[in-house]
Amino acid sequence: MSAPFVPHTDGEIAEMLAWLGLSSLEDLFEAVPHAVRLAGGLDLPDHWSEADLNDRLEELASGNRPVGRDLVCFAGAGAYDHEIPAVVRALASRSEFVTAYTPYQPEVAQGVLQALFEYQTMVTRLTGLDVANASLYDGAASLVEAVNLAATATGNQRVLCSAGVNPRWRAQMATFARGSGHEIEAVPLADGVTDWSATDQPGSSGTAGAVVVATPNYLGCLEDVAAAREAADRLGARLVVCFDPVAAGVLRTPGSQGADVAVGEGQPFGIPLSFGGPYLGLFACRLADVRKLPGRLVGETVDTEGRTAYVATLRAREQDIRRERASSNVCTNETLMAITAAIQLGWLGTRGLAEIAIRSARAARYCREALLAIDGVEAAAAAPVLREFALRTPVEPGVLIDRLTGEGYLAGVVIDEGFEGTPYEGSLLVATTERRTRSEIDSFAQAFDKALR
Amino acid sequence: MSAPGGRATSAPRLGRETEPSLFDFSVAGRRSASFRTSDLPEWSLAELVDERYLATEPVQLAEVAERDLVAHFTRLSHRQYSVDLGAYPLGSCTMKYNPKSCDAAAAMPGFANVHPATPPSCSQGWLQVLVELEEALCAITGMTAATLQPAAGAAGELTGLLLMRAYHESRGEQRARVIIPDSAHGTNPASVVLGGYQVSTVGTSARGGVDLDQLRAALDTDVAGIMLTNPNTLGLFEEDIVEIATAVHDVGGLLYYDGANLNAILGIVRPGDMGFDIVHLNTHKTFATPHGGGGPGAGPVAVDDRLADFLPGPQPVRLEDGSFGYATPPKSIGRLHSWHGNALVLLRAWAYLRLNGADGLEQVARVAVLNANWLRERLRGAYDIPYDRRVMHECVVSAHALEKATGLRALDIAKRLLELGFHAPTVYFPHIVDEALMIEPTETESPQTLAALAEAFLTIANEAREGGSASEAKSAPRTTPVGRVDEARAARQLVATFDQRADSGS
Numbered sequence: 001m002s003a004p005f006v007p008h009t010d011g012e013i014a015e016m017l018a019w020l021g022l023s024s025l026e027d028l029f030e031a032v033p034h035a036v037r038l039a040g041g042l043d044l045p046d047h048w049s050e051a052d053l054n055d056r057l058e059e060l061a062s063g064n065r066p067v068g069r070d071l072v073c074f075a076g077a078g079a080y081d082h083e084i085p086a087v088v089r090a091l092a093s094r095s096e097f098v099t100a101y102t103p104y105q106p107e108v109a110q111g112v113l114q115a116l117f118e119y120q121t122m123v124t125r126l127t128g129l130d131v132a133n134a135s136l137y138d139g140a141a142s143l144v145e146a147v148n149l150a151a152t153a154t155g156n157q158r159v160l161c162s163a164g165v166n167p168r169w170r171a172q173m174a175t176f177a178r179g180s181g182h183e184i185e186a187v188p189l190a191d192g193v194t195d196w197s198a199t200d201q202p203g204s205s206g207t208a209g210a211v212v213v214a215t216p217n218y219l220g221c222l223e224d225v226a227a228a229r230e231a232a233d234r235l236g237a238r239l240v241v242c243f244d245p246v247a248a249g250v251l252r253t254p255g256s257q258g259a260d261v262a263v264g265e266g267q268p269f270g271i272p273l274s275f276g277g278p279y280l281g282l283f284a285c286r287l288a289d290v291r292k293l294p295g296r297l298v299g300e301t302v303d304t305e306g307r308t309a310y311v312a313t314l315r316a317r318e319q320d321i322r323r324e325r326a327s328s329n330v331c332t333n334e335t336l337m338a339i340t341a342a343i344q345l346g347w348l349g350t351r352g353l354a355e356i357a358i359r360s361a362r363a364a365r366y367c368r369e370a371l372l373a374i375d376g377v378e379a380a381a382a383a384p385v386l387r388e389f390a391l392r393t394p395v396e397p398g399v400l401i402d403r404l405t406g407e408g409y410l411a412g413v414v415i416d417e418g419f420e421g422t423p424y425e426g427s428l429l430v431a432t433t434e435r436r437t438r439s440e441i442d443s444f445a446q447a448f449d450k451a452l453r
Numbered sequence: 001m002s003a004p005g006g007r008a009t010s011a012p013r014l015g016r017e018t019e020p021s022l023f024d025f026s027v028a029g030r031r032s033a034s035f036r037t038s039d040l041p042e043w044s045l046a047e048l049v050d051e052r053y054l055a056t057e058p059v060q061l062a063e064v065a066e067r068d069l070v071a072h073f074t075r076l077s078h079r080q081y082s083v084d085l086g087a088y089p090l091g092s093c094t095m096k097y098n099p100k101s102c103d104a105a106a107a108m109p110g111f112a113n114v115h116p117a118t119p120p121s122c123s124q125g126w127l128q129v130l131v132e133l134e135e136a137l138c139a140i141t142g143m144t145a146a147t148l149q150p151a152a153g154a155a156g157e158l159t160g161l162l163l164m165r166a167y168h169e170s171r172g173e174q175r176a177r178v179i180i181p182d183s184a185h186g187t188n189p190a191s192v193v194l195g196g197y198q199v200s201t202v203g204t205s206a207r208g209g210v211d212l213d214q215l216r217a218a219l220d221t222d223v224a225g226i227m228l229t230n231p232n233t234l235g236l237f238e239e240d241i242v243e244i245a246t247a248v249h250d251v252g253g254l255l256y257y258d259g260a261n262l263n264a265i266l267g268i269v270r271p272g273d274m275g276f277d278i279v280h281l282n283t284h285k286t287f288a289t290p291h292g293g294g295g296p297g298a299g300p301v302a303v304d305d306r307l308a309d310f311l312p313g314p315q316p317v318r319l320e321d322g323s324f325g326y327a328t329p330p331k332s333i334g335r336l337h338s339w340h341g342n343a344l345v346l347l348r349a350w351a352y353l354r355l356n357g358a359d360g361l362e363q364v365a366r367v368a369v370l371n372a373n374w375l376r377e378r379l380r381g382a383y384d385i386p387y388d389r390r391v392m393h394e395c396v397v398s399a400h401a402l403e404k405a406t407g408l409r410a411l412d413i414a415k416r417l418l419e420l421g422f423h424a425p426t427v428y429f430p431h432i433v434d435e436a437l438m439i440e441p442t443e444t445e446s447p448q449t450l451a452a453l454a455e456a457f458l459t460i461a462n463e464a465r466e467g468g469s470a471s472e473a474k475s476a477p478r479t480t481p482v483g484r485v486d487e488a489r490a491a492r493q494l495v496a497t498f499d500q501r502a503d504s505g506s
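As you go down the protein sequences, you meet chains A and B in turn.
With my numbering applied, the first sequence has no gaps in its numbers, which climb one by one up to 453 at the end.
With my numbering applied, the second sequence has no gaps in its numbers, which climb one by one up to 506 at the end.
Here chain B stands alone, though its shape is the one from the complex (with noise of 0.2 Å):
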């Protein structure tokens, strides 16, 4: 385990030079753009449009030749980190290898030229990948029925909680308040918010896992679920599972599975034998669909029997001559998506299903938790380890002892890990622990890139200890297109388009 793997050096360095603004290459009259001979009438604009609805001046846009753009975007690409370049450990975000073959078979005629009002005689394909799709989220989440509509995992979670506000509704309850715990992911209490609820938050125990004590003073018939990650954001599993999923049923609340750390339980242990009612999934996470900077995502939704009649609709549906379909459930809440959800991005999940089958994704799982496990005892005694116990896909360890002895703290770290030609990990979340780093490297990380990665963590506490001081990552990082960035000049003087610039003349 001695070779370099991971390294992302010459691609970075290669973008060093500041590049100007597309609009900086226009010059007036040049063009790239060409279109169908159409032969159509040519009516002037006059002729088509009353004058009344027409724009004076034209929208201003770059004008610059097909070379210039491809040279504009191949050097912003080359200003960019990616998994296809090296180890992307960022905890809770799962950014495993995106298979290529899935990428081809989104980029298939077949399937990516068919427009979503196709009738389903024209659209059978389509359609039975959907419906396979979804079967094949019910088994890996132990539930009934699914719905590929949500755009992404936190369309999902609305999603969740919608489908929980018409389950209770739909028994004449009025319930007011979601659990959550002070560990979870932001996206928990905003979406809690947004579903018309009110968070209730509790703690942790000393073993990284919800305070017992605390949930079952919080519950009472007002509750109308708990929304947990499991394993949590300190890649814990939660040990008493089965008590919490008593205790919330017991006062008539649901179990939402937040999926994004589905990865590390995959084929080893069930949401919904856990006892949750609902999931959620992140496709970008646990199947690969790359998240391309930000999204796509795609956030499909699996529920017991007990909510299958809620959910939205139209769905793609197997038919009784086996033919495929849409059907609306009969208490379904609505729409969630414009059309079928993010297609092209379930595909891919689909393919990647395909690859990995029922034998594949239990290694990826176990293969995922034994990296984290790994990487965790290498940095034992560099970093502090808090909640010390085995964890699942995901490592939290903290700077805080470093930063008390050198003044060297987890983003330092973050900045300097950049130079050493790795993506940082997530910092500062969880935030119970302090100068928390989330590290998650996931199974596509070769023991080779995981030895790196750990030297490299192991380089950044050594220098701070050694030097006294934490001189060196402070300066980081210096082999990147650009140095620290100035985040708080950014908010205080904002200038989010090209015509804001003070020299832009406007």
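Just chain A, with the same shape it has in the complex (with noise of 0.2 Å):
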């Protein structure tokens, strides 16, 4: 028997059992039913080398296409493109961090603990609201939790969702909402952005326990969080905003527009694009919600000799604590996530998160206007966009998309998913980030063109 990272020689191993006053390793197992146990191994390969381990892999890398500029990236649609400078891999690739547990323990653990304390601090900056979270999974699992949070709040399990929030984390919504019972409606949009005035008829039901928008929303339209929030009120439900990390560099907080939650996705902030995980869900909510907050939340407090000291607090909402009547399961988060967010924007600062924004508007303009100049490519809706936006096209867009790899791009993401039946199914979601140039831009604007013949 031989396992590559068990330190034991077979001499210790006998010396152990001989202690034990056993013979064998197969004594240890006797509670386990004849019956049932295995008979004749697992069904797996015997153990590879670490060498053979790195030749494999460098053959499976080879049937993927990251990328860079041998695929220049124009697809977002939750996951994007962005600088991850030398210092920020370094950090957060640091052992001390990825090899820790939970920080149970406070007093070996305020590394972590400080730096998620830092990372909840630039979150509340971010969103404009009280308190964050230690990291949720990504911006799907923050978007259930607010959900949650919402429906446990009021007392009310009617959701109204903006169609135009992404419309995989709508999917997953609809997934847990098998066991939640939450109500959820679709508020339809009009020309890219949501028409609230669907839910002011005459008839319609009164109340609800959540009203869901996304600022700038799946198709990169900026929606009016304004109108979100009068339905909310006349509703009596909380507001929950999903906003893009990025766009938070200029545009206006969700909190100072009335959002009582706001989740994203932080993957822009440091997180490699990764095949779509492990990302990382931001939270924040109101103090007068923060008992029914999500996850972990660290505190600041001082030790016996009244040092500064950091430590996992409220910890009655939690799981492990409340059991059943505990309104989330979170255990584990994505707290090496927050870490890398928080070095990420520490790298950026203040001006540099405004920067990656204006750079990242100013490329998606300039390539909006190159493709929509492009016989036969029209704007899916006419909305103002940021960073991102939907485009119809006279080739069938996951054919264009398939000609564009093979010149060099990842020309986007099919809206079609959570979109049937739309005026915006069919159509061709392009992202552009502070990493775009005008000559990739130029050039692709010239592939595509040339993809559509």
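Worth flagging that the hints you see were computed from the coordinates, not collected in a lab.
Hints are not guaranteed to be accurate.
To be verified - 35 Å max Cα-Cα, derived DSBU-like pairs, lysine-lysine:
# : chain 1 : residue 1 : chain 2 : residue 2
1 : B       : K404      : B       : K474
2 : A       : K292      : B       : K474
3 : A       : K292      : B       : K331
Once you've looked at the hints, go ahead and assemble the two chains, each given alone in its own frame, into the complex.
Here is the structure:
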């Protein structure tokens, strides 16, 4: 028997067994009924060396096309190709952060706890809200938890969700509603932005637990949050705003526009595209709801000598103490991603954050104009956009994307799932970041034009 | 077995000085960031966005030089214990060593820089890894199909419960209750309620397993299923698992396997063979994916053929021509993740499984169990041993008698261990054991480290008994970056951001 990360020699194992009065390792498993024991071992190959593993990984990786010079990224849809500097990679991969467990013993976890405290501060400033938790799995998970909070706080299961919210987040919300019993109703879009008038029809049900809006929404359009706030007030609901943390560098904060809960996808802050995960669920709310806040919260306190110290606090909210009365089952979160985001925001600073928002918006304006100049390409919505936009193309966008990968571009994401039967179904969602240059966009537009013919 | 191991004194001592906040280092106008030269027109913000959407003031972040950033986070890292530093015997957390080659795999640009919406034709490598991982997880658990979408164990639990619900509903049955033993992890009852079920709790027998009489009394056709951790949180294998499975199946219920303790049985026995229908795994426990100070994890769920049609979708699949694509199962409960799950975590798990192989995984379980039993025997006499029979991968001992005799509590023992250079075990869990210390050494700690850990536990008990009081431990820890932390004050006077500090001026 050999296991690469087990340090014991055969002699040591024999010595330990003898001390226990056992003759073989098999004797340790006498409690396992023989009838169910696995005969013949696992149906897996025997172990590989690290060198063999690396060869295989190289081979598999060659079947992928990462974004970069050979595949310039114009895809977004919740996952963006932002700058990740060496300093962020280096600090976020420090093994003290990477290989720690949840900070159950604060005296030896001040590093993670303080980093989370700084992260929480940054998220409250980005959202204009009072408190932020120490992270959730991703933006979708944050939305699910926000809706749970709203339903619990109001005692109302009805959720009115803008059809402009990321369709995969909406799908996840629907999956969880199978258990929670939330009644989710979609509020339709009109020319790219939510039409809240539908919620104010005579005879429509008068109350709700949550009103959900995203700005910029999935189509990239900027929403009128005040209109969503009015709808929430009318319905007695909590207002949940899905925000874009990069756009937050220039846009009004969710909190200043009346959001009760703000949720977002933190991937743009130093986290690689990673084929979709692990990402980072941003979550902030008002102090009034802090006892319903899902997940961990780090607070500042002192130690026995009066020195500043940090600790996971308001623990009575959490599942390990509250058990079946807990409103969330979250235990493991995305702490390492939260620390990464805090480091990235430290690198960006006040001006850097605003700058990536402006640079992304400039690239979007330039790219949108270049693509709209192509014969047959039209805007899918007229509402103002910031850094992402939807286009109608004369060639089906899935086909277009395939053709353009051959030319070295990831052209965008097809709008399909969650938009069935709407005017936006079958359009192409294109995103830009501060990493896109004029020459990249010029050549992309040329290739795009060619791919349509 | 005399050389010390697992000591971690030097790094924490370096971090003894309180570290200011990043915001304390901020100087207006200082910066680190720089960006690509884009040559794009420099439109002003006002030209790009209507004023009504724009903030009047920028989001205030710390403005620091790269050098400050590095110093701050490096010093923070010196105030942090980690597996790389030493033994981390947190019970139920399986804090084994995280192989560096798995991290290196996750850092490869050919995996890390792939956009999740990349068409299958340009992400075959990723899809193959995910499909192979699903297949390996099925082989390990004895199941027929798996989903990799759940981002952590708790998400896996809820996925499993939603699958259970979908299964019963597809048969036209409305069942209301899920049974959980009183020794279960807190996530279990919380997940049950989020899954739309009520919790029925059954007690623990004198031998530390599920009380079969109580279970039989609780079972009827209103029961959707039972959630079990096996070995359970006492570290004990459920000896009556076959009887339990039969009883639950007889009333039409399903068996859910909480994979928190799967490390104990890799290659020894498979949940499917024990009668389980749904299994979640924690890759950050069993398959050594690093826990990141609290996450990320991944909580794949594997099921038997009765439930395969309900799995979340779309999921990566092997196509008839040998290439890879996506498919959504016919009665899918829907999405559990925005994309395909925590892919880079899953890649590490795939790499770990390859590095260990069938032979290595069996040895992992055997040595994990050997270590736990050896440690438990070393602690006998100094600590109480409840439910005294052979354990699996972890052991639960109690400081009940010590507390009565000397006032030494499980919490004090935990804090004194930190001072002696080890991370503490899990304390006060499971709730059914008074003054519980739940210790999981894992297979990656050497006999030398194990001996040093045992010595530390014995020293603490002896100090209290010989001194007649717990005074030494009561004031611990004194060598850590901070002393014992005032947790009550943190909750009473909530300061959850820098801006809520009394001296922050806001």
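- prompt: Is the hinted pair K404/B and K474/B satisfied, with a Cα-Cα distance of at most 35 Å?
  reply: holds, 15 Å
task: Quickly compare the C-alpha distance for K292/A and K474/B to 35 Å and report which way the hint goes.
output: Holds - the C-alpha atoms of K474/B and K292/A are around 33 Å apart, at most 35 Å.
35 Å Cα cutoff - pair K292/A, K331/B: Distance ~34 Å between K292/A and K331/B Cα, so the pair holds.
Violated hints for the displayed structure: none, as all numbered hints are satisfied.
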